[in-house]
Amino acid sequence: MLNSRIVEISVGIFVAFGMAALLVLAVNVSNVSGFGGGDHYTIVANFDNASGLKARSSVSIAGVTIGRVSSIEVDPVTYEAVVKMTIDSRFKEVPIDSSVGIYTAGLLGEKYVGIEPGGAPDYLEEGSVIRLTQSSIVLEKLISQFLFSQSSNKK
Amino acid sequence: MFDWFAVIGRNTVDFLARLGAEFLLFLQTVKGFYALIWRPSLVIQQLFSIGVRSMLIIIVSGFFVGMVLGLQGYNTLVDFGAEESLGVMVALSLVRELGPVVTALLFAGRAGSALTAEIGLMKATEQLSGLEMMAINPVERILAPRLLAGIISMPLLAAMFSSVGIFGGYLVGVDLLGVDTGSYWSQMQSNVDFHKDIVNGVIKSAVFGVVVTWIAIYEGYTCLPTSEGVSRSTTRTVVYSALTVLGLDFLLTAIML
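Top line first, the protein sequences correspond to chains A and B. The first sequence maps to residues 1 to 155 in the numbering used here. The second sequence maps to residues 156 to 412 in the numbering used here.
Everything labelled a hint here was simulated from the structure, so no lab data went into it. Please note that a few of the clues may not be correct.
[Claimed, not checked] One-sided and incomplete, this derived list gives chain B residues near chain A with beta-carbon spacing under 8 Å:
#1 Q200
#2 L202
#3 V207
#4 V250
#5 L312
#6 A314
#7 I321
#8 M343
#9 I353
[Stated by the list, open to error] In silico SDA-like pairs for lysine to any residue, Cα to Cα no more than 25 Å straight-line:
#10 A/K54 <-> B/K351
#11 A/K54 <-> B/D352
#12 A/K111 <-> A/L132
[To be verified] Partner residues are not named here, just some residues of chain A that face chain B (Cβ under 10 Å, in silico):
#13 S10
#14 V11
#15 F14
#16 V24
#17 A26
#18 R131
Cβ atoms here follow ideal geometry from the backbone N, Cα and C, with glycine treated the same way.
Taking the hints into account, I'd like the entire structure generated from these sequences.
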């Protein structure tokens with residue numbers, strides 16, 4: 001049998017190495033420090049069209065991510081898309097009259113929700129509904145509008 | 156005609172009997188865990204021979220798998236102008252699939268076969284009967300520390316495999332092929348989820364650890380006590396482990412996705 005002290009030391013190194021690898025995966029590879037564990041609150045916005053938006057898409061103010069989309073559902077009465085977003089509690093002073101829009105990062109990039117802060121003295125809180133919304137731009141609709149306007153101009 | 160049905164029936168009964176015997180042995184071994192609280196040195200010795208000695212092959216293969224992923228991923232992604240996503244691709248494929256599965260296959264070849272051969276030889280040389288003669292339960296004394304060590308080692312080894320692989324992909328992608336460092340890491344961080352990806356990978360590797368070690372100790376414990384029996388059991392360990400790991404991987408992915 002090997003010297004038991006050497007065995008113990010190498011097992012210690014092995015376990016420490018494994019734990020360090022898990023830690024690297026948790027902290028460096030995933031976004032565990034982001035919006036998983038910390039305090040957050042949920043806000044809701046209704047869009048006419050939320051095409052391309054997915055759960056876990058980012059929610060940002062001025063290009064800085066402050067939360068993520070948690071769920072997207074259809075309102076059975078108005079047929080609007082109900083987008084629920086969880087916002088990190090560090091950003092709790094977002095004015096209640098802020099407007100939200102669905103934008104695209106780059107020409108072919110992912111869709112994200114951008115919040116334009118308003119000027120009201122009251123702030124968004126748990127369960128607030130944002131009234132001012134701007135739907136995502138559907139490229140096919142834009143192109144067809146452009147083509148139709150071209151053809152009608154020629155007449 | 157009836158012979159044919161008899162063959163099917165016999166095989167089914169044999170298969171079920173084997174499953175039952177495996178499960179009973181597993182229960183007995185798990186029951187033996189409590190005795191290890193007073194004898195942690197047994198587990199440490201097994202951690203050394205199962206975990207520490209598998210470390211080198213796991214780290215080296217993880218590194219090369221990561222580098223290959225970096226090369227292949229870059230060549231495919233660059234056609235779509237999406238080479239910035241290389242980090243995501245490497246990290247997700249390692250953490251979710253390749254890390255646990257390849258580690259389990261290597262673990263079966265490196266540690267599982269050694270376990271079976273060791274226990275089988277103990278049986279062939281009547282050391283297990285000797286222990287029983289001295290009123291020491293061989294399941295508690297021999298099998299339990301090995302199973303526990305296997306369950307502890309596998310997730311750690313898989314985590315090492317994945318992180319070393321991600322650095323291998325970084326080396327090829329960023330240093331050799333010129334992907335931007337910032338986008339390699341930031342895209343990875345924004346697209347790899349802790350619960351959905353990393354925790355699931357760890358669960359997978361722990362399950363594989365249980366299954367591979369379990370098959371290895373069962374094969375060793377029930378092998379024919381001859382040199383041919385030991386060699387057959389060792390082969391069976393590797394084959395059954397590989398098949399079970401790949402099948403379970405599909406099942407676990409389907410459940411957890």
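Consistency of the hints with the structure:
Checking B/Q200 against chain A by beta carbon gives a least distance of about 6 Å; that is within 8 Å, so the hint holds. The interface hint given for B/L202 holds, since its Cβ lies 5 Å from the closest Cβ of chain A, which is under the 8 Å cut-off. Of the supplied interface hints, the one on B/V207 holds, with its beta-carbon coming within about 5 Å of a beta-carbon of chain A, less than 8 Å. Interface restraint check for B/V250: the shortest CB-CB distance to chain A comes to about 6 Å, inside 8 Å, so the restraint holds.
The beta carbon of B/L312 comes within 7 Å of a beta carbon in chain A, closer than 8 Å, and the hint placing it at the interface holds. A distance limit of 8 Å between C-beta atoms decides the matter here; for B/A314 the minimum to chain A is near 4 Å, and the interface restraint holds. Because the smallest distance between the Cβ of B/I321 and any Cβ of chain A comes to about 6 Å, under 8 Å, the interface hint for this residue holds. Checking B/M343 against chain A: minimum C-beta separation of about 6 Å stays under 8 Å; hint holds.
The closest approach between the C-beta of B/I353 and any C-beta of chain A is roughly 5 Å, which is under the 8 Å cut-off, so the hint is satisfied. With a CA separation close to 16 Å, the supplied pair A/K54 and B/K351 stays within the 25 Å bound. For a cut-off of 25 Å, the pair hint linking A/K54 to B/D352 stands: about 17 Å separates their Cα positions. In summary, the hint linking A/K111 to A/L132 is supported, as the alpha carbons are separated by about 18 Å, within the 25 Å threshold.
Against a cut-off of 10 Å between C-beta atoms, the interface hint on A/S10 holds, since the closest Cβ of chain B lies about 5 Å away. Satisfaction of the interface hint for A/V11 is found here, the shortest Cβ-Cβ separation to chain B being roughly 5 Å, below the 10 Å cut-off. Hint on A/F14 holds. Least Cβ distance to chain B is approximately 5 Å, under the 10 Å limit. Taking 10 Å as the C-beta contact cut-off toward chain B, the hint placing A/V24 at the interface holds, the least distance being around 5 Å.
With a least beta-carbon distance of about 6 Å to chain B, the hint placing A/A26 at the interface is held under the 10 Å criterion. A hinted interface residue such as A/R131 counts as satisfied when its beta carbon comes closer than 10 Å to some beta carbon of chain B; here the least separation is about 29 Å, so the hint is violated.
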